[in-house]
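Given the sequences, and given the hints that come with them, work out the whole structure.
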Amino acid sequence: MHDVQPEPIAAAVPKPRGRAIVITSGKGGVGKTTTTANIGAALARTGASVVLVDADVGLRNLDIVMGLEARVRHHVLDVLESRASLDDALVTDKRVSSLRLLAAAQTREKDDVDTQAMHELVNTLRERFDYVLIDCPAGIEMGFQNAIVGADEAIVVCTPEVSAVRDADRVVGLLGNREKIWLVVNRLRPALVRKGKMLSVEDVNAILRLPLLGVIADEPGVIVSTNKGEPLALDDANPTGAAYRAIAGRIAGTDTSAPVIPTEPSAMQRLGAFFGGSAR
Amino acid sequence: MIDFFKKIFKPEGSSTTARERLRLVLLSDHLSLAPDVVESLKLDLIAVISKYVEVDEAACDVSFERQDSAIAMLANIPILAMKTRPPSPPPTPSAPPPAPEPPPSFGTPATAKVAEESPAADQPVPSKPPSAPRRKRRRRRAPVAPALGNAAPAPG
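Chains A and B are the protein sequences, given in the same order.
Start counting the first sequence at 1; every next residue gets the next number (our numbering).
Start counting the second sequence at 1; every next residue gets the next number (our numbering).
Take the hints with a grain of salt, since some may be wrong.
[Said to hold, decoys possible] EDC-like cross-link-like pairs, simulated, lysine to aspartate or glutamate; straight-line CA separation at most 16 Å: (1) 27(A) - 141(A); (2) 94(A) - 230(A); (3) 197(A) - 12(B); (4) 42(B) - 56(B); (5) 195(A) - 12(B); (6) 197(A) - 61(B).
[As the list claims (entries may be wrong)] Derived CB-CB ranges, DEER-like: (7) 116(A) - 41(B): 34 to 42 Å; (8) 58(A) - 68(B): 36 to 44 Å; (9) 20(B) - 267(A): 33 to 41 Å.
By construction, these hints were calculated from the structure, which means they are not laboratory data.
Beta carbons are placed, not taken as given, at the ideal position from N, Cα and C, and that holds for glycine.
Written out as structure tokens, the structure reads:
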């Protein structure tokens, strides 16, 4: 059993300027990577310097969701094991110049990562960036421990499903005393909630009891954006993109409004979608 | 039959089922993740019951069982004998109460020892448990109130 408590930062060490936030969930497939990509893109669009760290060693995905897979030359283990410099490994986003990606190793295993070295890497990144967003792998084993070690804030992504809520609850327990632990409810289907066929945001948060950062609807646009490798947060016309931008605003503290719970599209919107909406 | 009418007149979505299942599974998760809490509960339970009866502490067991719509606590506390009244001092089978400190004595150690023993001899002999104690097995079932919240890491 590994020690799950965050290591206390020695009082003598000056606090790094950037914020390290891990995006986690316990359960796989709830949208951690998509959430990381979109929050990162939304934060960077406001001018903040952001680095996205893919901590899912062995199952690299953040690069492809970001549409940056062709630019990756080195990965996080190259840096940790001194085969590449940090600057060589950081990939600059093709749309937002203040956004960087540090890809995961695809051919290695999660146990290959040295927890202490990972912690130091995150601290180094915090010296250089306003935000270090860490995309955590599913599970609560070594990969999870390595992903959370340097982060003093966490975003728990949860879908309105019993399995996801149970796993999120476990992960919140394992995260221990972080500065902040937020909740993003992902893949909400408002029509199902209205019919009583899906847990509502309130149902989920009655159990997790975390500050709600935002709610993302289950809509085709998310899938389309992943297909293209273009984060929705950069699409000004998309309501889900707006939801991601609002999340970024709440993280930065510039948006103090309560999160909007997505509602069913109106008849007109459905009609518009029928005659060829933007989602392709 | 009642369920049938419930379904006819008040159609409930499966989210109600999801909520209820989550409530129970999380309660169960939290109990299994907090062995220290369960242990402390067990010790308190034994302490309370020991005020009235002699219990076999070594054989005590507290567990939780999932039932249809609740988690039940099952406490198996073997009773060795009734307590003699009044219940003081509490004679627990495993740890007898420590004898009071003898007052500072000016006599020889031997004298002090005699003085210590004599009041004990005056006390009524506690009813001894039969050689083969009939164990009363008492099952206490108490529904555990729903506790929500986040699962703490299991220590260790």
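Next on the checklist: With the threshold set at 16 Å, check whether the alpha-carbon distance from residue 195(A) to residue 12(B) stays at or below it.
Outcome noted: Holds - the C-alpha atoms of residue 12(B) and residue 195(A) are around 9 Å apart, at most 16 Å.
Checklist entry - Taking 16 Å as the top limit, are the C-alpha atoms of residue 27(A) and residue 141(A) close enough? => result 12 Å, holds
Next on the checklist: For a C-alpha distance cap of 16 Å, please report whether residue 94(A) and residue 230(A) respect it.
Outcome noted: The hint holds at about 10 Å.
Item to check | CB-CB spacing for residue 41(B) and residue 116(A) relative to the 34 to 42 Å hint | outcome: Given range 34 to 42 Å: holds, Cβ gap about 38 Å.
Item to check | 16 Å limit on alpha-carbon distance, applied to hinted pair residue 42(B) and residue 56(B) | outcome: 13 Å, holds
Checklist entry - Is residue 197(A) close enough to residue 61(B), meaning Cα to Cα at most 16 Å? => result Distance of about 40 Å is beyond 16 Å: violated.
Checklist entry - Does the Cβ pair residue 58(A), residue 68(B) satisfy 36 to 44 Å? => result Once the Cβ atoms are compared, 42 Å apart, the range 36 to 44 Å for residue 68(B) and residue 58(A) holds.
Item to check | Cβ distance range 33 to 41 Å for residue 20(B) and residue 267(A), holds or violated | outcome: 34 Å, holds
Next on the checklist: What's the verdict on residue 197(A) and residue 12(B), does the C-alpha distance respect the 16 Å limit or exceed it?
Outcome noted: 8 Å, holds
Going down the numbered hints, you'll see the structure goes against just number 6.
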